[in-house]
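In our numbering, the protein residues as written are 977 to 1043.
These are calculated hints, taken from the structure and not from any lab test.
Using N, Cα and C, we set each Cβ at its ideal position, and we do this for glycine too.
Please note that a few of the clues may not be correct.
Stated by the list, open to error - Ranges between beta-carbon positions, derived for each pair:
#, residue 1, residue 2, range
1, G1018, F1041, 31 to 41 Å
2, G999, A1042, 37 to 47 Å
3, A1030, T988, 16 to 26 Å
4, G1037, R1009, 16 to 26 Å
5, K1034, I995, 26 to 36 Å
6, P997, A1042, 30 to 40 Å
7, I1040, G999, 28 to 38 Å
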Amino acid sequence: MSQGIIRASRKTVTLVLRIWPEGMEPGVLGGLRYEALHVQSGEVLYFRDAQALAQYIKDLGARIFAA
């Protein structure tokens, strides 16, 4: 993770990621669930695996930075 000052003129994408264990039974871990909130648009998406989440982030960046 890197931290620094982001210049106001630079395009940025802000995502809030939430990760929680799948299933509600205490002590039973069946995997993880992922939620991504795109702050600028308010779009919220849910993912069953990290690969799908990573692909969403790549596609979102490509869409926004290509414009």
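Item checked: Contradicted hints - numbers only -> Hints 1 and 5 not satisfied by this model.
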